[in-house]
Amino acid sequence: MRIYAPESNVLKALSGTGIGLLMDVGNGALPGLASDPSAAAAWVKANVQPYPGVSFRYIAVGNEVVTDTFPPSNGVFADLDYMGPILDFLASTGAPLLVNVYPYFAYKGDPQNIKFNYATFAPGTSVNDDGNGLTYTNLFDAMVDSIYAALEDAETPGVKVVVSESGWPSDGGFGATAQNARAYNQGLINHVGGGTPKGSGPLETYMFAMFNENEKKGDPTENHFGLFNPDKSAAYSIRF
Numbered sequence: 001m002r003i004y005a006p007e008s009n010v011l012k013a014l015s016g017t018g019i020g021l022l023m024d025v026g027n028g029a030l031p032g033l034a035s036d037p038s039a040a041a042a043w044v045k046a047n048v049q050p051y052p053g054v055s056f057r058y059i060a061v062g063n064e065v066v067t068d069t070f071p072p073s074n075g076v077f078a079d080l081d082y083m084g085p086i087l088d089f090l091a092s093t094g095a096p097l098l099v100n101v102y103p104y105f106a107y108k109g110d111p112q113n114i115k116f117n118y119a120t121f122a123p124g125t126s127v128n129d130d131g132n133g134l135t136y137t138n139l140f141d142a143m144v145d146s147i148y149a150a151l152e153d154a155e156t157p158g159v160k161v162v163v164s165e166s167g168w169p170s171d172g173g174f175g176a177t178a179q180n181a182r183a184y185n186q187g188l189i190n191h192v193g194g195g196t197p198k199g200s201g202p203l204e205t206y207m208f209a210m211f212n213e214n215e216k217k218g219d220p221t222e223n224h225f226g227l228f229n230p231d232k233s234a235a236y237s238i239r240f
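Residue numbers (my numbering): 1 to 240.
Where hints are given, some of them may not hold.
[As the list claims (entries may be wrong)] Listed next, with one range per pair, are the computed distances between beta-carbon atoms:
(1) R239 x A13: 20 to 26 angstroms
(2) A13 x G193: 26 to 32 angstroms
(3) D130 x G28: 40 to 46 angstroms
(4) S92 x G131: 27 to 33 angstroms
(5) D130 x E215: 42 to 48 angstroms
(6) P37 x A60: 14 to 20 angstroms
(7) E155 x P230: 41 to 47 angstroms
Calculated directly from the structure, the hints in this document are not laboratory data. All values derive from a computational prediction rather than experimental measurement. We put the CB at the ideal spot given by N, CA and C, even for glycine.
Modelling step: build the complete structure from the supplied sequences, incorporating the hints.
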C-alpha cells in the first residue's frame, strides 16, 4: 500500500496488519528535509518511530523519473547530472528506484500508433526492439525495461526497480471506462509476477489507486483511478 504523506489515522489503522507500506514524505516537506539532516531526523521521529506496528517498506522522497522510453533499449535519464548522484546513493545502500509507469497516458497521447491491446495486456500485438533483441507484447514491459536500460546507461545496473504507481482510469477522458480499467488492472495483477523481458523475477508493483478521488482538482481522469468509490463500493470487479 502507498500513501502520499504521513496520516496518523491511516498509520494507526495499519498497525499490526502486516500490510507493507510505501509512504511519501510529501512534496511540501522535501526542501527542508533535503537541506537539514536534523529536520530529516525529526521527521522520522515524528512520523515513523511512533508506529512500530506498521510494516514500513519504503520512504519515498521524490516522484516521477522521466526517460526516453521508446524503444526500450534507448532508455536514458533526462538529467543524468542530477540523477547520477541519486543512483549512486541507491546503489551503495541497496535502496530501490521507485518509478511511476502509466501506459494509459502513452496510449491517450498517441492512440494512432499505440494499440489498445498492447496498452492493456490483451494478446495479439508484439513489438521487436532491435537494440536489445527482445520482443514486447505489452507497453508496461517496454516502459519498465526502458528504466533498466537507463540504469545501464548510468552505470548503475544493479539498482532494483519498484513500480510505485500504475493504473488506468474508469471515467473522465479518452479510453477511460470501467471495462478498460478492469482489463488493464487485472492484466497488471496477473502479469507482474513474471517480470519483464529484460528484468527477471517478480516486479514489486503498487496499483494506483485504492479510492476514486471525487474532490481532486485537475484533469477529470485523475478522479477515477480508484478500485473503490468514496462510499467504499467497488468501482468495478477485480481479483487479486
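Evaluation of the provided hints:
Distance hint check: the CB atoms of R239 and A13 are about 24 angstroms apart, consistent with the given range 20 to 26 angstroms. Taken as a hint, the range 26 to 32 angstroms holds for the pair A13 and G193, whose Cβ atoms sit roughly 28 angstroms apart. Evaluation of the 40 to 46 angstroms hint for D130 and G28 yields a pass: the beta carbon distance comes to about 44 angstroms. Separated by about 29 angstroms at the C-beta atoms, S92 and G131 satisfy the suggested range of 27 to 33 angstroms.
The beta-carbon spacing between D130 and E215, approximately 47 angstroms, falls within the hinted interval of 42 to 48 angstroms. A hinted range of 14 to 20 angstroms for the beta carbons of P37 and A60 is consistent with their spacing of about 18 angstroms. The given range of 41 to 47 angstroms is respected by E155 and P230, whose C-beta atoms sit roughly 46 angstroms from each other.
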